[in-house]
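Undergrad: Taken in order, these protein sequences are the chains called A and B. Letter by letter, the first sequence follows residues 1 to 407 of our numbering. Letter by letter, the second sequence follows residues 408 to 662 of our numbering.
Hints are supplied without guarantee of correctness; some may be wrong.
[What the hints assert, rightly or not] Here are the simulated lysine-lysine pairs, DSBU-like style, with alpha carbons at most 35 Å apart: (1) B:478 to A:399; (2) B:531 to A:399; (3) B:478 to B:531.
These are calculated hints, taken from the structure and not from any lab test. This one's a predicted model, so the numbers in the text were calculated from it and none came from an experiment.
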Amino acid sequence: MDQIKMSLRNLLRNYKRTVLTMSVLVLGIVGMLVYAGYIDFSMWGFREQTIKGGLGHFRVYKKGYNSRGSERSINYLIENEREVYRLLMRTAHIREVTPELEVQGILSNGEVSEITLGRGYDVTSVSIIKDSFKVVEGEFITDADSYEIALGSILAEKLNATIGSYLTIMTTTRQGGLNAIDLMVVGIIETGIDEYDERLSIMSIDIAQMLLDVNAPERYVVMLDDTDAVDSVTASLKDSGMVSELGIEIRTWSELAKFYHQVKEMNETYFFITQLIILVIVAFSIVNTMRMVIYERMREIGTIRAIGMTRAGVVRMFFYEGVWLGVFSFILGIVAAVGVAWVINFFGGIYIAPPPGQSTGYHTMIRPDMIRYFQVGCIVMFSVILGSLIPAFRAARVKIDESLRYI
Amino acid sequence: MEQNVIELNDVFKEYMLGKTVVRAVNGVSFAIAPGEFTVIAGPSGSGKTTILNMVGCIDDATSGEVLVKGKNHRMMSDNEASFFRNSTIGYVFQNFNLIPVLNTYENIEYPLRIGGKRIDKSVKIKIMNLIEEVGLTDFIKHRPDKLSGGQRQRVAVARALVNNPDIVIADEPTANLDYNTGSEIISIMQRLNELYGTTFVISTHSEMIMKRARRIISIIDGKVQSDIGECDENKNQNYDNIFNESLCSVTGTGC
Ligand SMILES: Nc1ncnc2c1ncn2[C@@H]1O[C@H](COP(=O)(O)OP(=O)(O)OP(=O)(O)O)[C@@H](O)[C@H]1O
Ligand SMILES: [Mg+2]
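Sequences and hints are given; from them, build the entire structure.
TA: Put into structure tokens, the structure is as follows:
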């Protein structure tokens, strides 16, 4: 009969209380993991949305573009467009490469004028771009040299534009001259973010270049077949020496998505605080249970001390009970958390109302992450063991004659 | 002369109860030789448990000297004291104090486990003999809650003896048992005392036990009132009279 087995028997001795304590622990673990799974899912969705929403996995610019300060981006175009494009197209994992040119201008219907942030894309190769918004009316531009434009829904409303309307877009060329072109509205789009829908317009890059009187894109947006490959692909591009040879620079989505990182950081903080609260509850419930256990077994402690158990032996005895509690709760908690996540996902997730600044809500799933599970399980187990040690140390220090007199 | 296994020299024990000092033991001296079967008698609150705790090395005197096998508990570290208790002293308690999650065999074996002894075949045979000695062969696998009070105390007696201790300390071992059962427990203790030569110190206020004692130390108000039957080869001992003598000295009736 060794101590480890004995501690297990002791736990089973008052199995109702053990079950009750373990339910608190399991609930704590499930709570933490479901919350973590929700955050992880949201962040994963947010990440993919950020990437597909026009940012791409990484972007390629002319060297100096990102440190140009207040200089116009038009002075940093990728003039060696063909070489860069060819380099990108023969790199592994790269699924799609799209040139892009931003046009800031004024859109007018003859009566009302509105500022627009226009984007010129290679409209023939833009699955990337098509993912970043919904076409709510009409269709997307299909022809590279057609004089067509798609408008954000709020912008369209302000300009009284419908499908088939003609609008004039006015811009300043690279040399500073004024330029204007008439374009036909073919589509009305929505990004889900009001600020964008108020300003955004989409056109073919050929039209954009014509408006600015240039013949190069300002960046390439690159999509990979796997988000996890970003670092290795960009590293291999830099290592190959071609980046410096072609005079370009690379920014990954992660470097560009400041907002993503802010949200992620905020979520991590929330998660940390939640975790802390749950941990405190867990620790309290353990300390409480173990205190009760120890008071109940006061005379037993006196007895085993009298027949020769050392103080360390007493601590060990309760430590083992804490370990059992922790281990069982760890296993049950993770199994329960996986189960709860599965059930939530099975029934289509949790509906989340539209976040501020967005017009549509969405369903969130729970995204189980084994590392998270392991972390949370370990943290709970650790606090259980710690929580059982504190009363155990006190039990070991009680005077033997007093614990024997204890009723 | 053989060395005394227990020696108390002018022992005082005081407890603080709030601001008042309770003097539980008030200048007690006595010595017990190896193999004696001694009864500490006295009314409730007279200090029996306090004395036995000091003899059993689980409490210290406020002043005076308590020597067990020549060793002073006060001089030992907690670990040394634990080891000393494990190897030298066996305990029998009024409330049995068995470990509820262990069965008869495991309870008896437990002090050996605590002492880190290897439990080999010969040890197991010894434990089985002990179980037979206390008459529990049919109850080896029973947990304490499936045993009667008398059976529990038999387990406790066997547990107290499993480590071949020099001393067994029993604080009112029959107080929770009926007359006959208590009497059986005392018989078992006496038999084991003769068999192994273990020193027994038993506290009680039961006449039944006192009548069967070889030596009675009477305690009243923390003081030794009388000490009759002390091992003395010059004295012609008549055990039958000890109880009466003790009773007379305690009550003060000159009989
Ligand atoms: N921890 C303590 N704090 C204060 N007083 C105590 C403590 N332990 C014992 N006493 C007092 O010491 C005195 C002796 O107590 P003790 O338990 O030794 O008596 P006893 O002879 O064993 O009595 P009983 O036959 O009822 O068991 C009593 O007056 C008791 O109230
Ligand atoms: Mg007592």
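Undergrad: For every hint, state whether the structure bears it out.
TA: Hints versus structure:
1. B:478 to A:399: Holds - the C-alpha atoms of residue 399 (chain A) and residue 478 (chain B) are around 20 Å apart, at most 35 Å.
2. B:531 to A:399: holds, 33 Å
3. B:478 to B:531: With a Cα-Cα distance of about 31 Å, the restraint between residue 478 (chain B) and residue 531 (chain B) holds, given a limit of 35 Å.
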